[in-house]
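Peer 1: Sequence:
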Amino acid sequence: MHPVSELPGKPTSAAATTLSQIMTASETNLYGTVHGGVIMKFVDDVAAACAGRHSGGTALTVFMDEMLFLVPVRVGDLVHASAQVNWTGRTSMEVGVRVVAERWNESVPSTHVATAYLVFVAVDSDGKPRPVPEVLPESAIDRRRQAEAEIRREHRLARRAAIRRSREVEAEPERATDAASRG
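With UniProt numbering applied, the sequence shown closes on residue 183, and no number is skipped along the way.
FYI, nobody ran anything at the bench for these hints, they're computed from the structure. As the structure is a computational prediction, the values presented were derived from the model and not from experiment. Among these hints, one or two may not hold up.
To be verified - Cβ pair distances, simulated, as ranges:
(1) Leu68 x Ser107: 24 to 34 Å
(2) Leu157 x Gly56: 18 to 28 Å
(3) Asp65 x Ala14: 15 to 25 Å
Note that CB positions come from ideal geometry on N, CA and C, so glycine has one too.
Turn these sequences into a full structure, and let the hints steer you where they fit.
Peer 2: Now the structure itself:
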């Protein structure tokens, strides 16, 4: 459920973004494949472009909910990262990214190599959160992605609350000891 916004909604296709890059030897790790951090930065770049396009301005990465590496990327692979906004809140949005790779010199089907979900917050020129347009799913797949994004959001909030409760319980004996030593 999207909070009431005065901004007109945008269909998922409006901000969908794809970036492509050929992976070179300078991006390899000790195993001779492309370093995961290179792929993560590429994912963040395409997701940020998508979030900025959807929100109409600056959007900052606040959370990488999930990054799944399926297959190593090799030097010489032409990598395509495609992003779309899956879910929007009042000032935040989840962007899903699918990464595929294909050999730069062959006509073979691409291979799905990674998937990621990132959360962005739109900010104004003072760095304060600002409203974002509602994302309007255009297909059954878009509606499924939106529902799954809501599940990920619920899990993030529940995890944050559980950690907060755990820290409060942990701090109780310290506070009692501090109070007794002053008293």
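Peer 1: For each hint, tell me whether it holds in the structure or not.
Peer 2: Do the hints match the structure? See the list:
Separation of Leu68 from Ser107 is about 27 Å and conforms to the stated range, judged on CB atoms against 24 to 34 Å. For the hinted restraint 18 to 28 Å between Leu157 and Gly56, the CB-CB distance of approximately 26 Å keeps it satisfied. The hint said 15 to 25 Å for the Cβ distance between Asp65 and Ala14, and at roughly 22 Å that hint holds.
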